[in-house]
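**Q** Those protein sequences? They're chains W and Y, same order as listed. FYI, in numbering that gives the first Met the number 0 the residues of the first sequence are 0 to 404. FYI, in numbering that gives the first Met the number 0 the residues of the second sequence are 0 to 131.
Bear in mind the hints are in silico, worked out from the structure with no lab data behind them. Every residue, glycine too, gets a C-beta built ideally from N, C-alpha and C. Any given hint could be a false lead.
Under the rule of at most 25 Å between Cα atoms (straight-line distance), these lysine to any residue pairs were calculated in the SDA-like manner [stated by the list, open to error]:
hint : chain 1 : residue 1 : chain 2 : residue 2
1    : W       : LYS132    : Y       : THR2
2    : Y       : LYS80     : W       : GLN268
3    : Y       : LYS80     : W       : PHE263
Sample of chain Y residues facing chain W (criterion: CB under 10 Å; computed from the structure) [stated by the list, open to error]:
hint : residue
4    : PHE31
5    : ARG35
6    : TRP86
7    : ILE114
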Amino acid sequence: MTAQISPDSVWVLGAHMNRFARYADRDLIDLASESAMSALADGEVTVDDVDVLACGALFQASGAVGQRIQKQIGQTGVPVYNVANACATGATAIRTVIMAIKSGEAQIGLAVGAEQMGKMGLLGGGATKKEKKVFEPSGRYGAVTGVDGHLGTETMPGVFAQAGMAYAHDHDGVGFEQFARVAYKNHLHSTLNPLAQYQKEFSMDEIMESPMMSYPNTLLMCCPTGDGAAAVVLVSGERLASMPAHVRKRAVKVSASVLTSDPFTEDCQVQPDVNTLTRNAASQAYEAAGVGPEDLDLVELHDCFATAELIHYDNLRLCSPGGAGAFIDSGGPFRDGTTPVNVSGGLISKGHPIGATGVANVYEITTHLRGEAGDRQVEGATVGLAHVIGLASACGVHILEKAAA
Amino acid sequence: MATARVPLVDYLVLEPEPHLVANECTNCGARFFDRRNACARCGSTDFKPVPVAGAGELRAFTIVHRAAPGIPVPFVSAIVKTDDGTWVRSNVVNCDPTPEAVELGMRVRLTTHPIGTDDDGTEAVAFGYEPA
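Just chain W, with the same shape it has in the complex (with noise of 0.2 Å):
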């Protein structure tokens, strides 16, 4: 399966990712430059060329981080966004450029995703209220003090635990030692990846009996934080045309950008459901692509925790309704199996610099399609899938293939 180049199609033309890593020598900027000139390089365009600029840096959300770029890289004042959509951010990044150019606003734009974290350790939980100390209600819920703890848990290791324990309460197959071979897996798949924060093996042992974070996710089943930033330049269907061969050859059409947010259902105001808008997401993304789960090559899903990563087999139906767990436990999403998953390492592995992730993903699809993935590559890969999620919730679904020859 590969694409032909029609006028209203939108192409990622080039792309780049710096190692996810701990940088203390380089700042944010740093690295998104880097990333920004690296895939106009790649895309063998220049920063002349790009009619408008969308830039996802969470953290930094209200830092002019888009701007900013372009004080180090060039500054054309052609239009930026700088977007915030929780981890699936870079993703949105993605969609406001692809977004651009579908309207006919613009013919190249440029996507950038990055973050600098270094080693923020646990997210989420632990707001306190004020340190004199009076039980008075306040806010929407009336609270007389900090609920994380006593209400349940706000850690992102927890909430993502429950979201995997409700699919084993639903589904068989699916228990402690399911979640921790999805860990086991992406770690294994990270050695190959340059590219990754981490780069180690582990055993199933080393696994389960790594420190308890939240059960059943241990240390080793959850995403590290880290620096790093990603950068893709899309491309009209018009404008790739016109360019020469060697540069269409290495074109990766975009057959499907979609993004959804959490549609109501009964459980979602006490937890999170990350499952039907990735459901959602999916299914307009198949349909508007033409291809179903079993055209997939690969796949490389937002595994912030273990349990994440299971729960997203059945929600991208990469296996049968319920079977996520005989699905990890037959190899289906080992690199060698059915539909190779996250063959990159993972957020698990290769980390998670939040603003970075849904461009890096992008990247990864990308560099197998055009058959310059490395000791990584999936060979003869001709369509890939990124999806992303973030808690709120926002989710985004890109469907790659690779150009015609």
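Following the hints, complete the assembly by docking chain Y onto the known chain W.
**A** Showing chain Y alone in chain W's frame:
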């Protein structure tokens, strides 16, 4: 003189018997625990307070070993579906915080416990669910 008591959240009612009260949309029946501007399902702006069943089923849980400073661990965070179909987030209490003791699908019931006293001597009371 008895100690003054306040519920941790305003949707917990302590007297005469502890129970939760939800804001129920009069149009579509959706239930919420927070102050509402409108219904997230149907957009209606008319709500009535309704008591929530105290008994239910444990639909999901996690045993939290790492939390923000000052929050005692381990504890069992729980998602409960009550017998009248209302979803509630709280803790499982009066139960060992181990995967052996906590079972998906187990029957639970509402209970309350004090969580601290403020500078004026007022005691805050939280709710949890214990194995039934």
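**Q** Okay, which hints does this one fail, numbers in order?
**A** Those not satisfied: there are none.
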